[in-house]
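S.K.: Sequence:
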Amino acid sequence: MELRNDQIILILRDRIKKIIHLHEAAKEKNRTLEVQKEELEEKMRVLRKEKDELSLKYNNLKLAKQLHASLDNTHDAKLKVNRIVREIDKCIALLNK
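Under this note's numbering, think of the first position of the sequence shown as 1, with each following residue one higher.
These are computed hints drawn from the structure, not numbers from a lab. Among these hints, one or two may not hold up.
Below are the DSSO-like pairs computed for lysine-lysine, each with C-alpha atoms no more than 27 Å apart in a straight line [what the hints assert, rightly or not]: (1) LYS27 to LYS43; (2) LYS43 to LYS29; (3) LYS37 to LYS49; (4) LYS57 to LYS80; (5) LYS18 to LYS29; (6) LYS90 to LYS80; (7) LYS43 to LYS65; (8) LYS78 to LYS62; (9) LYS51 to LYS65; (10) LYS49 to LYS62.
Derived Cβ-Cβ restraints for the label pairs, each shown as a range [as the list claims (entries may be wrong)]: (11) ALA69 to ARG31: 50 to 58 Å; (12) ALA77 to LEU54: 28 to 36 Å; (13) LYS43 to LYS18: 44 to 52 Å; (14) ILE20 to ARG45: 52 to 60 Å; (15) HIS23 to ASN60: 37 to 45 Å; (16) LEU40 to HIS75: 32 to 40 Å; (17) ALA25 to LEU47: 31 to 39 Å; (18) ILE20 to ASP52: 43 to 51 Å; (19) LEU33 to ARG4: 24 to 32 Å; (20) ALA77 to LEU40: 32 to 40 Å.
All C-beta atoms in this analysis are idealised placements derived from N, C-alpha and C, irrespective of residue type, glycine included.
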């Protein structure tokens, strides 16, 4: 009977050691994952900042392009008006003859 108790104690001791080892391994894995999480959060902050900067640059570029297109349209409109005025002047000159 006593031998049986000794065997049970040894088995329990081995199992407790395994559980402690698994617990330590899980704690280490948890620490590693925490470090990775912090690194990824920092990377995410940097990428969000970069995205915001790129969005601002894109919006500025879009606005500049619209302004440039507006200026081109104004220039084209002036050229058309000048051409029409010249045609009207020619018509008036023909009528005066």
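S.K.: With reference to the structure, classify each hint as holding or not holding.
M.R.: Now for the hints, and whether the structure bears them out:
1. The hinted pair formed by LYS27 and LYS43 meets the criterion: a straight-line CA distance of about 24 Å does not exceed 27 Å.
2. At most 27 Å may separate the alpha-carbon atoms for a hinted pair to count; LYS43 and LYS29 meet this at roughly 21 Å.
3. Distance hint between LYS37 and LYS49 is fulfilled; the C-alpha atoms sit about 18 Å from each other, no more than 27 Å.
4. For the hint pairing LYS57 with LYS80, the CA-to-CA distance comes to about 34 Å; that exceeds 27 Å, so the pair is violated.
5. About 16 Å separates the Cα atoms of LYS18 and LYS29, which keeps this hinted pair within 27 Å; it holds.
6. Of the pairs offered as hints, the one joining LYS90 and LYS80 holds, with about 15 Å between alpha carbons and a cut-off of 27 Å not exceeded.
7. Proposed proximity of LYS43 and LYS65 is contradicted: the alpha carbons are some 32 Å apart, above 27 Å.
8. For the suggested pair LYS78 and LYS62, the alpha carbons sit about 24 Å apart, so the restraint of at most 27 Å is met.
9. Note on LYS51 and LYS65: the hinted pairing holds, with a Cα-Cα distance of about 21 Å set against a maximum of 27 Å.
10. Proximity of LYS49 to LYS62 is assessed by CA-CA distance (about 20 Å); at most 27 Å being required, the pair is judged to hold.
11. The hinted range of 50 to 58 Å is satisfied by ALA69 and ARG31, whose Cβ atoms lie roughly 57 Å apart.
12. Between ALA77 and LEU54, the C-beta spacing of about 34 Å keeps the proposed range 28 to 36 Å intact.
13. Separation of LYS43 from LYS18 is about 37 Å and departs from the stated range, judged on CB atoms against 44 to 52 Å.
14. Checked against the hint of 52 to 60 Å, the C-beta distance between ILE20 and ARG45 comes to roughly 38 Å, which is inconsistent with it.
15. A hinted range of 37 to 45 Å for the beta carbons of HIS23 and ASN60 is inconsistent with their spacing of about 55 Å.
16. Checking the proposed 32 to 40 Å range against LEU40 and HIS75 shows it is violated: the Cβ atoms sit about 51 Å from each other.
17. Separation of ALA25 from LEU47 is about 32 Å and conforms to the stated range, judged on CB atoms against 31 to 39 Å.
18. Look at ILE20 against ASP52: about 48 Å separates their beta carbons, and that is inside 43 to 51 Å.
19. Distance hint check for LEU33 and ARG4: the Cβ-Cβ separation is about 43 Å, which falls outside the suggested range of 24 to 32 Å.
20. At about 54 Å, the CB distance of ALA77 to LEU40 disagrees with the hint of 32 to 40 Å.
Hint check: violations occur at hints 4, 7, 13, 14, 15, 16, 19 and 20; the rest are consistent with the structure.
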